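Peer 1: Sequence:
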Amino acid sequence: WAFEYGLVEPYWIVYAKEIIGVTTTQWGIITAAGSAISIVSKIVIVGKLLDRFSRRKILLATTALDIVTYLLFIRCGMFTQVLTLWIIGSFIWSFYEPTYSSLEADLIPEERRGRVFAAFGVAWSAFTIPASLIGGFVYERVNPELSFIMASIGVVLCFILTALFIKQPKSNEQ
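Numbering (this note's numbering), first residue to last: 40 to 213.
Just so you know, the hints here were simulated from the structure itself, not pulled from any lab data. A quick note: this is a predicted structure, and the numbers were derived from the prediction, not measured. Among these hints, one or two may not hold up.
As the list claims (entries may be wrong) - Derived pair list, reagent style BS3-like, types lysine-lysine, alpha-carbon separation capped at 30 Å:
no., residue 1, residue 2
1, Lys96, Lys209
2, Lys56, Lys206
3, Lys96, Lys81
4, Lys206, Lys81
5, Lys56, Lys81
6, Lys87, Lys209
7, Lys96, Lys206
8, Lys209, Lys56
Can you make the complete structure from the sequences, with help from the hints?
Peer 2: If you want it as structure tokens, here you go:
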């Protein structure tokens, strides 16, 4: 997920302004609405679902839904389309961090969590740094849309790897 994040995170606003024609004020509205949706979602829905259902299944569902956000974004042609997609995307994205954190806590023995979480932080940066450089090069020199397509492919790979290698701990199998 860090690689996909690095490919597009710095370029959402650039694409929105340069290609779609969203103004800076409109982008502020878009991100504020997304943040509000994310906050409400985490308070009202995400935590309850994570405590009740399989975190692995929630992660797979989140990842499956996220695949299309990047592809739909590059099809947006106006502010209202971006706003609508960002609200829906923010709801989907609100599941990632709590789901990963909960699943990681379930899977990692307590006595090793500090070291493993530190290693995860290093891995995040190790993937994000080259991905941001690649994303910028692809955006500027090849095709702006290709960065988002590559991110979507990255999410597909995350989905496949999660489905194949992440097993739900016995304590949370619903």
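Peer 1: Could you work out which of the previously given hints the structure breaks and list their numbers from low to high?
Peer 2: Numbers 2 and 8 - these are the hints that the structure violates, sorted from lowest upward.
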